[in-house]
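In my numbering, the protein residues as written are -12 to 168.
Treat the hints with care, as some may be off.
Stated by the list, open to error - DSS-like cross-link-like pairs, simulated, lysine-lysine; straight-line CA separation at most 25 Å:
#1 Lys(-9) / Lys67
#2 Lys9 / Lys(-9)
#3 Lys159 / Lys69
#4 Lys159 / Lys133
#5 Lys112 / Lys133
#6 Lys131 / Lys98
#7 Lys151 / Lys112
#8 Lys151 / Lys102
#9 Lys9 / Lys22
#10 Lys69 / Lys103
#11 Lys3 / Lys40
#12 Lys22 / Lys102
#13 Lys2 / Lys40
#14 Lys69 / Lys151
#15 Lys102 / Lys112
#16 Lys(-9) / Lys2
#17 Lys151 / Lys103
#18 Lys3 / Lys22
#19 Lys133 / Lys67
#20 Lys39 / Lys2
#21 Lys(-9) / Lys38
#22 Lys47 / Lys9
#23 Lys69 / Lys131
#24 Lys67 / Lys2
These aren't lab readings, by the way, just hints derived from the structure by calculation.
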Amino acid sequence: MGNKDLIDSEIDYFKKISLIRKPILNFCCSRIFNKSDAADVAQNVFVILSKKKSTYNESKSFYGWAFSICRFQIMAFLSKNKRSKENASYDSICHSFFLSDELCPLNQALKSELKKERDLFMREKVQTLPRRQRYFMLHSLDGKSKSEIMYLMDISSMNYHAIKLRSIRSLKSILENESNK
C-alpha cells in the first residue's frame, strides 16, 4: 500500500464518519433526552471512531460498527448518570447528621425511640421547605412510590426528578446549617 492509497483510505474513512454524524446524533437524542448530553455522547463516539480506525474491519458494515460503539457509549452515560443521581432516603440525606443504627450498640427500645425522634426532627425540618418540596418530602418520608407521588402532586416524570433534586439539596442545606449552630 503506497502513500496515495493510505491517504485515500484515510479520506474514505473520515468521509464515512462525516456521513454518519447526523444519524449518530439523532440516535443519541432519541435515547438521551437532554440535547447537550446527547451531543456530548455523540462527540465521544466520533472521537472513538477516529481513534479506532486501525481496529475497523472493512469487510463488515461501518454503520453497524459505529452504532454498536454508540449504543455502548449511551449505556455508559446512562449508567453513570443513574449512579450520580441523589437518593431521597434517610441515609443519603442525613448520613453525617445521625448515628447509624448498625453501629450503635443500643437495645431495641432505645433504637425505636431514636428512630421516632429522628423522624420528628426530619418532619420539623421538612416543614421549612417551599410548598412543593415540602409535599414531595412528606410523601417520600411516608414511603410513597414515585408513581404515587407523581399522581398525588400531578407532576410529570421530569418534574418529579427536578423537585426531588431541589428538595434534597434544600434539606441538606437546612441540615448543614442546623449542624453548624
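field: In rising order, the numbers of the hints this structure does not comply with
entry: 1, 2, 10, 12 and 24
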